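Peer 1: Each chain, letter by letter, is given below.
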Amino acid sequence: MIIPLPHFLVVSALLFALGIFGALTRRNAIGILMSIELILNSANLNFVAFGRAWGAPDGAPQVVALIVIGIAAAGAVVGLALVLAIYRHRQTISADEIKLLKG
Amino acid sequence: MSQIVGPFELAAKAAFYVVAAGTLAGAWAAVSARNLFRAALGLAVALFGVAILYLFLEAEFLAVAQILVYVGAILTLLIFGVMLTARIADPAVPRWNRQAGVTLALTAVLGLGLAHLLARTPWIVRAGSEPVKLPVLGQTLLSTYLLPFELLSVLLLGALVGAIFIARKEKE
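Protein sequence lines correspond, in order, to chains A and B. Position 29, counted from 1, in the first sequence is what our numbering calls 55; the numbers after and before it change by one each time, with no gaps. Position 46, counted from 1, in the second sequence is what our numbering calls 68; the numbers after and before it change by one each time, with no gaps.
Chain B extracted, bound-state conformation:
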């Protein structure tokens, strides 16, 4: 990618800033919207934005997995949860608890401080490194990291059974 020059690079940079701003705006909507359904839509924008950021990092498989799992599955689940529990749009229900002001100030300091630190640190970057090819990623996932992969499938099975057990109707 390093041999690309001129207008394409400029367009890519502009696109990056637009996507990053959209991601953060979506995240802000997700944590601040009074209507929980709108918060879920903001979360969708943020998750989609992160998927596009993965594309900027040349991690195509991860971008597709992000859209499939997060936007496709988790978000649908969250919206189901929002709709099954009433009073989502009631303006009388405060969206934040009483510590919101203090927490907003503290987390703003945390976020901006972290951003400042991370932007100033001279990171060691290997120039001209190639993006990971999909076959290599598959090889790694199913050889070196086979145990966590299998453990994850067991965890998902446990979550499936546990969720059904917790959420089912109890017999009177």
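Chain A extracted, bound-state conformation:
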């Protein structure tokens, strides 16, 4: 590898922290979905970087990353469907205004 492994790990860690920050603080539900995509991407980057550094001969880390991409797609689809349904009923997608279950 031309670029040493820790460089990728640092990028991935910062991406993860940004994603966590967005997921915890965004008021807009779609913003939260976006942040979750960032977190999944940072995990994927870690998988592939470690796999390349270890030289996994069968490419298992890349297979894991591909499956994670697929699951992220499924999650985004269902999440957006929920967001649209909530918007139709409540005219808002702010996460802190959706508190039907709060007594």
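The hints are simulated quantities; they were obtained by calculation from the structure and are not laboratory data. No experiment lies behind these values; they were computed from the predicted model shown. Take these hints with a grain of salt, some might be off.
SDA-like, lysine to any residue: derived pairs with alpha carbons at most 20 Å apart [what the hints assert, rightly or not]:
hint, chain 1, residue 1, chain 2, residue 2
1, B, K35, A, L31
2, B, K191, A, A111
3, B, K155, A, P32
4, B, K35, A, P32
5, A, K125, B, K155
6, B, K191, A, P32
For the chain A half of the interface with chain B, some residues (derived, Cβ under 8 Å), not all of them [to be verified]:
hint, residue
7, P32
8, L71
9, A79
10, V104
11, R116
12, I119
13, E123
14, I124
15, L126
Yeah, the Cβ is synthetic: ideal placement off N, Cα and C, and Gly gets one too.
Following the hints, put chain B in place on chain A, whose structure we already have.
Peer 2: Relative to the frame of chain A, chain B by itself:
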């Protein structure tokens, strides 16, 4: 790749830092932009940057899959969602909730601490390992990991049906 020397290596390193900085800047825009459409564009930059980082790791198939699925499909979907729900650019709507300051401090500690730890740890790296060839990757995906692959297709089908069911118009 280890036999490459001199100016190419330097250029590759410079390109890596530019791409990494661009990825992180895009991610920051995605979590901080007031206008949600701009946040989506920042996310596009970040996802594209990760795809280029995959190229640096010599995972070409994954880079193409990342661009096709994330930039092509998920991002389009997110932008649809942004446009279908109003008030995206209203400056009166705060972008973060009230805990943003504390969370920013905590996640900064988390991210920088993690980065510091990961950069200091002496990782065991196998020198001179070859990148995975595409036929080998396909073999692995459809032999050893066939069950998760098929489960994923069932999951996607379930997500498809579920999303249509949740998002359709209800009859009065």
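Peer 1: State for each hint whether it applies.
Peer 2: Hints, verified against the model:
no.	hint	verdict
1	K35/B - L31/A	holds, 12 Å
2	K191/B - A111/A	holds, 9 Å
3	K155/B - P32/A	violated, 24 Å
4	K35/B - P32/A	holds, 13 Å
5	K125/A - K155/B	violated, 50 Å
6	K191/B - P32/A	violated, 49 Å
7	P32	holds, 5 Å
8	L71	holds, 6 Å
9	A79	holds, 5 Å
10	V104	holds, 5 Å
11	R116	violated, 11 Å
12	I119	holds, 5 Å
13	E123	violated, 10 Å
14	I124	violated, 12 Å
15	L126	violated, 16 Å
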